[in-house]
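Novice: One line per chain: the protein sequences are A and B, in this order. Residue numbers for the first sequence follow full-length UniProt numbering, so the first one is 1 and each next one is one higher. Residue numbers for the second sequence follow full-length UniProt numbering, so the first one is 1 and each next one is one higher.
These aren't lab readings, by the way, just hints derived from the structure by calculation. Hints should not be assumed to be uniformly reliable.
Unchecked claim - Calculated pairs, DSS-like style, for lysine-lysine (alpha carbon to alpha carbon, straight line, at most 25 angstroms):
{"id": "1", "chain 1": "A", "residue 1": "LYS7", "chain 2": "A", "residue 2": "LYS473"}
{"id": "2", "chain 1": "B", "residue 1": "LYS90", "chain 2": "A", "residue 2": "LYS478"}
{"id": "3", "chain 1": "A", "residue 1": "LYS27", "chain 2": "A", "residue 2": "LYS538"}
{"id": "4", "chain 1": "A", "residue 1": "LYS517", "chain 2": "A", "residue 2": "LYS478"}
{"id": "5", "chain 1": "B", "residue 1": "LYS92", "chain 2": "A", "residue 2": "LYS478"}
{"id": "6", "chain 1": "A", "residue 1": "LYS195", "chain 2": "A", "residue 2": "LYS119"}
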Amino acid sequence: MDMNEIKEIFFQECEEQLAELESGLLKMNDGDRDPETVNAVFRAVHSIKGGAGAFGLDDLVSFAHVFETTLDCVRSNKLEPTQEVLKVMLKAADVLADLTNAARDGGSVDQARSRGLVKELEALAHGELPSASAASEAAPKPVKAAAPAPAPVKAASAPAPTDDSGFQPIPFSFDDDFGGDEAPVAMPEYEVSFKPRSDLYAKGNDATLLLRDLSRVGEMSIHCNMDALPDLEQLDPEGAYFKWTISIKTDKGEDAIRTVFEFAEWDCELDIRPVEDAASSAGTDEELPMIPVPFDLSVLDGDGIEQAVEAAEEAPKSKNDAAAAVTAAETASNVTQLAAAAARVEKKEAAAAAANANAAAQNNAAAGAGQTIRVDLDRVDRLINLVGELVINQAMLSQSVIENDNNGASSINMGLEELQQLTREIQDSVMAIRAQPVKPVFQRMSRIVREIADMTGKSIRLVTEGENTEVDKTVIDKLAEPLTHMIRNAVDHGVETPEKRTALGKNPEGTVRLTAKHRSGRILIELADDGAGINREKVRQKAIDNDLIPADANLSDEEIDNLIFLPGFSTADKISDISGRGVGMDVVKRSIQALGGRINISSKPGQGSVFTMSLPLTLAVLDGMVVTVAGQTLVVPLTAIVETLQPEAAAIHSFGANHRLISIRNSFCPLVDVGRILNFRATQANPVDGVALLVESEGGGQRALMVDAIQGQRQVVIKSLEANYTHVPGIAAATILGDGRVALILDVDAVVGASRGQSLKAEMSYAAAG
Amino acid sequence: MSYAVKNMTQGAHELIAFRIGDQEFCVDIMSVREIRGWTPATAMPHAPAHVLGVINLRGAVLPIVDLSARLGMKRAEPSPRHVIIVAQVKRKVVGLLVDAVSDILTVTDDNIQPTPEVSSDYERQFARGILAIDRRMICLIELETLFPDSESEAA
Numbered sequence: 001m002d003m004n005e006i007k008e009i010f011f012q013e014c015e016e017q018l019a020e021l022e023s024g025l026l027k028m029n030d031g032d033r034d035p036e037t038v039n040a041v042f043r044a045v046h047s048i049k050g051g052a053g054a055f056g057l058d059d060l061v062s063f064a065h066v067f068e069t070t071l072d073c074v075r076s077n078k079l080e081p082t083q084e085v086l087k088v089m090l091k092a093a094d095v096l097a098d099l100t101n102a103a104r105d106g107g108s109v110d111q112a113r114s115r116g117l118v119k120e121l122e123a124l125a126h127g128e129l130p131s132a133s134a135a136s137e138a139a140p141k142p143v144k145a146a147a148p149a150p151a152p153v154k155a156a157s158a159p160a161p162t163d164d165s166g167f168q169p170i171p172f173s174f175d176d177d178f179g180g181d182e183a184p185v186a187m188p189e190y191e192v193s194f195k196p197r198s199d200l201y202a203k204g205n206d207a208t209l210l211l212r213d214l215s216r217v218g219e220m221s222i223h224c225n226m227d228a229l230p231d232l233e234q235l236d237p238e239g240a241y242f243k244w245t246i247s248i249k250t251d252k253g254e255d256a257i258r259t260v261f262e263f264a265e266w267d268c269e270l271d272i273r274p275v276e277d278a279a280s281s282a283g284t285d286e287e288l289p290m291i292p293v294p295f296d297l298s299v300l301d302g303d304g305i306e307q308a309v310e311a312a313e314e315a316p317k318s319k320n321d322a323a324a325a326v327t328a329a330e331t332a333s334n335v336t337q338l339a340a341a342a343a344r345v346e347k348k349e350a351a352a353a354a355a356n357a358n359a360a361a362q363n364n365a366a367a368g369a370g371q372t373i374r375v376d377l378d379r380v381d382r383l384i385n386l387v388g389e390l391v392i393n394q395a396m397l398s399q400s401v402i403e404n405d406n407n408g409a410s411s412i413n414m415g416l417e418e419l420q421q422l423t424r425e426i427q428d429s430v431m432a433i434r435a436q437p438v439k440p441v442f443q444r445m446s447r448i449v450r451e452i453a454d455m456t457g458k459s460i461r462l463v464t465e466g467e468n469t470e471v472d473k474t475v476i477d478k479l480a481e482p483l484t485h486m487i488r489n490a491v492d493h494g495v496e497t498p499e500k501r502t503a504l505g506k507n508p509e510g511t512v513r514l515t516a517k518h519r520s521g522r523i524l525i526e527l528a529d530d531g532a533g534i535n536r537e538k539v540r541q542k543a544i545d546n547d548l549i550p551a552d553a554n555l556s557d558e559e560i561d562n563l564i565f566l567p568g569f570s571t572a573d574k575i576s577d578i579s580g581r582g583v584g585m586d587v588v589k590r591s592i593q594a595l596g597g598r599i600n601i602s603s604k605p606g607q608g609s610v611f612t613m614s615l616p617l618t619l620a621v622l623d624g625m626v627v628t629v630a631g632q633t634l635v636v637p638l639t640a641i642v643e644t645l646q647p648e649a650a651a652i653h654s655f656g657a658n659h660r661l662i663s664i665r666n667s668f669c670p671l672v673d674v675g676r677i678l679n680f681r682a683t684q685a686n687p688v689d690g691v692a693l694l695v696e697s698e699g700g701g702q703r704a705l706m707v708d709a710i711q712g713q714r715q716v717v718i719k720s721l722e723a724n725y726t727h728v729p730g731i732a733a734a735t736i737l738g739d740g741r742v743a744l745i746l747d748v749d750a751v752v753g754a755s756r757g758q759s760l761k762a763e764m765s766y767a768a769a770g
Numbered sequence: 001m002s003y004a005v006k007n008m009t010q011g012a013h014e015l016i017a018f019r020i021g022d023q024e025f026c027v028d029i030m031s032v033r034e035i036r037g038w039t040p041a042t043a044m045p046h047a048p049a050h051v052l053g054v055i056n057l058r059g060a061v062l063p064i065v066d067l068s069a070r071l072g073m074k075r076a077e078p079s080p081r082h083v084i085i086v087a088q089v090k091r092k093v094v095g096l097l098v099d100a101v102s103d104i105l106t107v108t109d110d111n112i113q114p115t116p117e118v119s120s121d122y123e124r125q126f127a128r129g130i131l132a133i134d135r136r137m138i139c140l141i142e143l144e145t146l147f148p149d150s151e152s153e154a155a
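So here's chain A without its partners, still in its complex pose (with noise of 0.2 angstroms):
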C-alpha cells in the first residue's frame, strides 16, 4: 500500500468525520445537549487535525486546532453552545470541508472566509461571543461542582465519583506533583532480562550495541549474568552464553524499550515486564478509608479546580500514553491520602482517554448496526453487471427448456427453478449492497440552504424526513445535482426575505422541507418551502414571450406551473428576479429522466411550491411485465400495474371523435392503445382482441392502456437507451430477453400524459437534430 492510497484512506475518513460532524452539531442546534454529541463532535474535528497532521496538510490542521480548542470549551461546558455559536460552528464545520476538499483536490478555498471563522472561534474559546453569559457562566460552575455538598455534579465538568460516605474528593493542584511532566519521582521503571541466542550474533548483532541503544531509553542499571559460561574446553566459539539483567526507568514506554529490540527479537529470549511500586498499587487498587484532610479553602477560587480538571484531561491525551500516565498519576498519589482520591479520577480520566483514542474505529462499529467493510464502488459495479448477465442467462436457459420441453423432463424443470430462486437472491443481496440512505446527500442539502440564505439575507430552517430510506447508490449519486439546484431556488426565488415575510403575517424564518419516503417501489423526494409559490402571471407572460405558447392558449395552472421545465426558460435570465424559478429547471427535469424519474410541481400563490420526484430504487433491475403491441415486445413495470383484464365490446364506449372509455366496476377509464400512441401503428385496436392493463400514473389517474397479449412476468435488467442513443418519449428504458433480443421498457406516466394530448413527439430531440 503506498502513501497516495492510506491518504485516499484517510480522505475517505474525512468524509465521514465531516458528516458526524455536521449531524452533531444540527443535533445539537436542535437543542441536544447529551455530553455524548458534543463529545462525537469534538472527536471528529480531533481526527480530522490527527490524519492531517500525519500528511502534513498545514492549512487543515491549524484550522482543525482552533475548531477544536472552541469545541474543547463547549465540552468543559465554559462556552454555551447557544444557537449564535452553533452558526459559527456550523460555517467552520464547512470551511473544514472546504479545507479538506482543497487538501484532496488541490483545489483552492476562501482564505477570507476561513481566516474570518478563526477569529471568530478564538473568540469564542475566549468567551466574548456572542453573549455575554459564557464568560460569566464558566466562574460558578465549577465551584458548585466542587462544593461537598451532595449535589450531583455537572457531568462534563469534573466527573468526580461520589463516596459512599458522601464525600466528594475533589481534584485540585498539588504543585505540579500529577501533571506527569516533571515528576521525575513517577518514573516507571521496568525489568528487562535478555538472553542472546547464537543466531543473534551469527547475523552480526553485537548485544553491546543493544545495550547502548538502550541506555538512551532511560537510566538504567545493567547485571550480566555468566553463570552458564563453560569451561573453555566445552566452549564453543559460535555459542551465546550470556544473559543480562536490566532494570530501566523511562517515560517513554515498554514500546520504547521493545523498540531497541526490534531486530533482535526473534533471536533472542527478551522477557520486558514493568516494576509494579507497591506503595502506589495499594492505594489504587482498593477504596480508601476517607481521612478528612485539612485543606486550603482559597481552591474554591474556581480557577485551580479547573486547572486540576484540566490537567486530569489533558495529561494523558499530550503524552497519548493513558497507561503511562495513570502509572505517574499513582505515584504521584503517594504525596497524601487525597491525592489518592484525586488520582483516582484521574485514573478515570485516563481511561476514557484512552478510550478515545480508539473512538473513531471502536465507536462507529458500537453505533452502527454491524460491521462494515469498504470495498471499491468499481467492484460492486462489475459484480451487479455480472448479475445482470447471469439474469439475461438464466431467462434464455428457461426459455429455452420451455421450447424444448420433452414431457415435462422434471429434474431439469426443478433445478431450473432452483436456479431461478437462487439468481433471484443474489440479486436482491447484491442490490441491497449499493442501498444507502439518502442522507448524506440532504446533509449536503443544509449546507446549501445555509450558504444561500446567508448570502441572499434570508433565515430558512431545513426540515429533513425520512433521510435513513435507502436508495440505490447510482441513484443518490445523481439526485445530489438536480436536488442542489431545487433547494437553491426555493431558498433564492421561493423563500420571501425576513421583512417581506413579517409584513405578509408569516413567520419571518422561512421553512424548507425535504422529505424521502418510498412507495410502491418506488423512491418520491419531496421538497417544499413556504415561499410565494410560483407566480403564475410572470410565468405565462414570459412563455408567450418566448414564443413557447401561443398568446392565447388557455392553460389549467398546474400546466402553467409545468412551464417552468420547458428549456426555453433557462435561457431567460430574468425570471430569477421574480419568483418563478425557470432558471435551469428544464437541466433538473432531464436529469430526473435521466434516472427513470419523474418530476411534478404544485405551487400555491401565497402558501409555497412542493416539487415531488419520483424515482426508481435502483437502475440495475426492474419487475415487469411482457407484453406484445403491434408485434414489437415491450415491458411495463409491473408497479404501475394494477390490474389487468380482457375488455368485453359491452363495456368499452366511445367518447367524442377519439376516445374511448372502458367501464370498470361502473367507472369509466379512458382507454390508451399503445401501439399507436408510441407510433407503432395507424389505427386503433380492437380493444376486445387484447388486454388492457389498469395502470395509474403519478399524477393521479388511472389509464387502461391496451396491449395485444401479455406474454408474462419476468424480472429484467435496465438497460440504457441514453448511453448509445436518446431520449425516446414513452420508453423509459431498454431491456435484453432471454432470446437475446432488445425490448423496450414503457414509461408508463409518459405514456398517460401523452393520452392528455400533450404530444410525445414535441419532445423528440433526436429526429430535430438527424
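Given the coordinates of chain A, work out where chain B should sit on it, guided by the hints.
Specialist: Just chain B, lined up with the frame of chain A:
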C-alpha cells in the same frame, strides 16, 4: 476526442471502405470497433426514418442506422447479406448498416482531395474529402457531423 484523421497530418492512415448501392464510402479505421452481420433490430417509436432500431451488442443497446437513408439516399431493405459496421462516434457507439465492406485502404493526406463544390450543402456536410483509387471514387465520411451529440444539439 478528435477525429483521428485530423491529428495525422502526415504519414499513412487506414480507412475502411464500404459500398452502399453503387457508391463507395470510407471511414477512418480508428473509429470502427467491429463488423458484424445483420440481425433484426427492435423498432424504436418516434425514431427518424434512418434509425432502424436497436440490437443487443453483448449486453449493450446499440442503435442501428441505415447509412443509406442517413446520407439521403434510398432506404435499405435489410437482409442477411447486409453488414453492420459498429463505429464509435464521440462517446456513443452506433451500428451503421451498409451493403458490404469492400476494402481496407492505406492512404496519405495527399490522396484525399477536397470535396467538390456541388450544389447541395447536404453532401458537403458529411463528406470530408474524396479519394481516387484505381479509377474508383471513394467518399470519406465524417461520422461526427453525421451523428452530432444529441445532448448538445437539444440544449
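Novice: Under the criterion that the straight-line Cα-Cα distance not exceed 25 angstroms, is the pair LYS517/A, LYS478/A satisfied?
Specialist: Roughly 17 angstroms between the alpha carbons, so the hint for LYS517/A and LYS478/A holds.
Novice: For LYS92/B and LYS478/A, compute the direct alpha-carbon distance and say whether it is at most 25 angstroms.
Specialist: Satisfied, since the Cα-Cα distance of roughly 20 angstroms is no more than 25 angstroms.
Novice: Hint check: LYS90/B vs LYS478/A, CA-CA at most 25 angstroms. Holds or violated?
Specialist: holds, 22 angstroms
Novice: Measure nothing beyond the straight line between the CA atoms of LYS7/A and LYS473/A; if it is 25 angstroms or shorter, mark the hint as holding.
Specialist: holds, 24 angstroms
Novice: Straight-line Cα separation of LYS195/A and LYS119/A no greater than 25 angstroms?
Specialist: Not OK: LYS195/A and LYS119/A at ~59 angstroms, beyond 25 angstroms, violated.
Novice: Would you mind confirming whether the straight-line C-alpha gap from LYS27/A to LYS538/A stays at or under 25 angstroms?
Specialist: violated, 40 angstroms
Figure legend: structure checked against the earlier numbered hints; hints not met, in rising order: 3 and 6.
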